[in-house]
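Using the sequences and the hints, build the whole thing.
Number of protein chains: 2
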Amino acid sequence: MGSHTRFVPTPRTLMGPGPSDVHPRVLAAMAQPTIGHLDPNFITLMDDIKALLRDAFQTSNALTLPVSAPGSAAMEAAFANLLEPGDKVIVCINGVFGMRMAENVKRMGGELVTVEDNWGQQVDPEKLRAALAANPDAKIVAFVHAETSTGVCSDAQALCAIAKEAGCLTIVDSVTGLGGVELRVDDWQIDVCYSGSQKCLSCPPGISLITYSEAAADRVKARNTPVQSWFLDLSLLMAYWEGEGARTYHHTAPVNALYGLHEALLMLHEEGLEHSWQRHRDMHELLVAGLEDLGLTMAVDARFRLPQLNVVQAPTGVDEGAVRKQLLADFNLEIGAGLGVYAGKFWRIGLMGYAARRENVTLCVNALSHCLPG
Amino acid sequence: MGSHTRFVPTPRTLMGPGPSDVHPRVLAAMAQPTIGHLDPNFITLMDDIKALLRDAFQTSNALTLPVSAPGSAAMEAAFANLLEPGDKVIVCINGVFGMRMAENVKRMGGELVTVEDNWGQQVDPEKLRAALAANPDAKIVAFVHAETSTGVCSDAQALCAIAKEAGCLTIVDSVTGLGGVELRVDDWQIDVCYSGSQKCLSCPPGISLITYSEAAADRVKARNTPVQSWFLDLSLLMAYWEGEGARTYHHTAPVNALYGLHEALLMLHEEGLEHSWQRHRDMHELLVAGLEDLGLTMAVDARFRLPQLNVVQAPTGVDEGAVRKQLLADFNLEIGAGLGVYAGKFWRIGLMGYAARRENVTLCVNALSHCLPG
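Protein chains in written order, with the working numbering: chain E, 269 to 642; chain B, 269 to 642.
Keep in mind the hints are simulated off the structure, nothing from the lab.
Being a predicted model, the structure only gives us computed values, none of them experimental.
Where is the CB? At the ideal position from N, CA and C, for every residue including glycine.
Some hints here could point you the wrong way.
As the list claims (entries may be wrong) - In the DSS-like style, the derived pairs of lysine-lysine whose C-alpha atoms are separated by at most 25 Å in a straight line are: (1) B/Lys374 x E/Lys374; (2) B/Lys374 x E/Lys489; (3) B/Lys489 x E/Lys374.
What the hints assert, rightly or not - Short, incomplete list of chain E residues facing chain B, as computed with Cβ under 10 Å: (4) Ala299; (5) His305; (6) Asp316; (7) Gly464; (8) Cys471; (9) Ile475; (10) Trp498; (11) His518; (12) Tyr527; (13) Leu607.
Claimed, not checked - Not the full set, but computed from the structure, chain E residues with beta-carbon under 10 Å of chain B: (14) Asp307; (15) Ala337; (16) Ala525.
Set out below in structure tokens:
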């Protein structure tokens with residue numbers, strides 16, 4: 269053993285693809301004393317979280333709950349519960365997280381059909397329509413609403429309408445979407461939607477959020493095979509999250525993380541969902557104007573940019589990694605690197621939740637200006 | 269939407285089966301500002317956590333790391349990575365968590381052989397020896413070191429020695445054990461050991477800890493089938509936790525929970541592992557003396573009691589649930605209900621980590637005395 273000392277993080281401004289800046293109210297909520305996961309006091313918190321989550325997702329789904337693990341586990345929960353070996357699943361891919369969906373389907377023994385679009389493009393509804401026509405036995409359509417790797421917002425409403433016409437259940441990844449851009453689970457006919465804590469809700473990472481429609485819950489109940497993951501098995505989780513009065517122990521809930529989630533959802537409720545969407549749009553426009561003044565080019569067409577995740581091309585000849593290092597060293601400002609095919613060429617600048625503020629935009633544009641040549 | 273207000277938990281003294289009382293230093297550490305999961309600052313934290321975890325587990329295993337989800341996910345990670353469909357696994361069952369292990373093996377397509385002992389008894393090494401003789405093709409032996417449902421400590425060293433003689437890998441659940449009772453991963457030949465944050469480490473629930481021996485890692489590398497869980501796939505996690513210098517993104521680490529874990533591990537290091545074991549024994553003896561003075565009977569033979577989890581029989585004619593309710597209402601004291609076949613008949617009184625203090629023992633014994641008839 270060497271010597272060990274207390275860890276004191278260097279405070280940063282987080283404008284990457286997540287985690288985003290956490291509001292002090294959320295940090296303070298998380299530091300409250302831990303209570304038991306079956307404490308009657310805690311049960312009231314669980315009920316309020318479910319109600320606030322339904323509002324955030326714009327759904328009346330009874331099965332709307334946190335997942336005690338990060339967004340990738342929520343993705344896994346969606347597929348693990350709905351999919352049985354041999355089921356045909358259409359996954360639309362236009363970035364890293366669509367690829368991760370496809371990987372999940374393969375590992376779970378699903379029959380995978382992919383619909384591919386280029387990075388930086390939306391999922392093309394016509395391609396999905398064609399894939400459904402060619403695969404009338406498909407049971408599930410899955411796609412990413414807000415692609416964190418490219419900053420593209422796909423038309424979830426149109427895609428789900430096409431999928432539902434074909435009788436499919438829909439799984440929609442809105443890890444980066446929820447709270448930052450319009451998302452209407454019920455109106456858009458989404459059967460399973462999941463999101464993360466550390467994006468536009470401005471919570472620390474570690475937990476995620478999921479909602480299941482009645483049709484999705486029926487599919488889970490009608491399964492012929494058990495869900496391979498005991499931890500993510502919805503039928504077992506229901507007894508803890510949906511029980512009347514006393515709850516049945518499944519796993520120990522992440523009590524303090526849920527204090528933080530509740531506070532973040534409460535703040536979103538206080539601001540109002542549509543006001544939050546508008547704030548993200550406003551800050552996005554300010555940021556884009558500033559970046560374009562610096563001569564930088566946005567990667568994504570203005571018609572389908574995610575306001576909360578701005579993908580920007582690094583100028584030719586500029587070492588993008590060196591710029592990020594300097595931003596961190598000189599300004600304690602974190603922006604994100606490109607992911608996948610965007611690595612080394614693009615930056616990802618997040619304006620998520622508490623980070624979507626005028627002071628952050630100003631800092632980011634001027635710090636970048638300082639770090640760019642010329 | 270109804271009205272929503274900030275959640276303020278009623279402070280409790282947590283003496284159930286976990287979560288245990290969280291030390292204020294851990295709560296304060298968790299409330300520090302969130303930084304990025306790829307921040308160079310965070311990488312130093314990860315390295316220090318790994319070093320401290322190795323000390324806590326008494327292992328030199330390179331693959332010693334936190335899991336970004338509660339203990340049940342760590343259990344699942346252990347089986348999901350080591351087991352391939354058709355593999356024969358011997359699971360020793362003497363309580364709820366052995367049953368959960370068996371459930372995991374079944375869901376993953378393993379061929380399950382069980383060795384059963386009564387609740388309140390240790391896993392019997394001779395039964396394991398007989399099962400191994402009858403099943404020479406078994407690949408894995410799994411059992412619970414510290415059974416949270418019964419308060420029994422099994423002889424992990426003896427059981428692993430028998431399993432290794434038969435050429436099996438060993439999976440050992442020490443969710444409630446780590447930090448509270450002797451546990452020596454390397455000396456005892458444990459191949460995979462996992463634990464929880466919310467027991468004797470006195471962290472909030474939500475993350476867990478796991479260590480894999482080289483033999484276990486070799487088994488993972490030699491797999492013919494992919495791990496069904498992308499989220500728990502060790503081969504992918506290694507690139508984030510074990511990379512040299514820059515780390516490869518897998519999922520977003522639970523940054524603030526890891527601040528808390530680091531502080532808790534640091535506190536264990538400051539106290540010294542053997543001192544912590546001794547403190548748990550000392551407080552256990554005080555508690556048992558107090559409970560016996562009240563005329564209460566311990567459920568488990570003194571030779572194999574877990575000091576940190578004391579299972580006590582509710583006196584005949586006493587409504588055990590009413591007593592727990594009164595303890596919570598009048599003293600803000602949480603003790604645990606019986607689980608499984610112990611439900612309605614036993615209490616589980618935890619003395620875990622920060623909760624293993626003289627003031628807690630005194631409060632518990634005297635509050636119980638107040639709530640019991642006569």
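>> Less than 10 Å between beta-carbons is the criterion; does E/Ile475 satisfy it with respect to chain B?
In response: holds, 7 Å
> Against chain B, with CB atoms and a cut of 10 Å, does the hint on E/His305 hold up?
Replying inline: holds, 7 Å
> With a cut-off of 10 Å, does the beta carbon of E/Asp316 approach a beta carbon of chain B closely enough for the hint to hold?
Replying inline: holds, 6 Å
>> Can you confirm whether the C-alpha distance between B/Lys374 and E/Lys489 stays at or below 25 Å?
In response: Measuring from Cα to Cα gives roughly 19 Å; hence the hint holds.
> With a cut-off of 10 Å, does the beta carbon of E/Asp307 approach a beta carbon of chain B closely enough for the hint to hold?
Replying inline: Hint on E/Asp307: holds, closest Cβ of chain B at ~7 Å, below 10 Å.
> Do the numbers back the hint for E/Cys471, that is, is its least Cβ distance to chain B under 10 Å?
Replying inline: holds, 9 Å
>> Checking hints one by one. Is E/Tyr527 an interface residue toward chain B, by the C-beta closer than 10 Å rule?
In response: holds, 6 Å
> Given E/His518 was flagged as interface, is its beta-carbon under 10 Å from a beta-carbon of chain B?
Replying inline: holds, 8 Å
>> Take the shortest C-beta to C-beta distance between E/Trp498 and chain B; is it under 10 Å?
In response: Since the shortest Cβ distance to chain B is 6 Å, the answer is holds.
> Taking 10 Å as the limit, does the beta-carbon of E/Gly464 come near enough to a beta-carbon in chain B?
Replying inline: holds, 7 Å
>> Does E/Lys374 sit within 25 Å of B/Lys489, going by the straight-line distance between their CA atoms?
In response: holds, 19 Å
> Keeping to a limit of 25 Å between CA atoms, is the pair of B/Lys374 and E/Lys374 held or broken?
Replying inline: OK: B/Lys374 and E/Lys374 at ~20 Å, within 25 Å.
In this structure, every one of the numbered hints holds.
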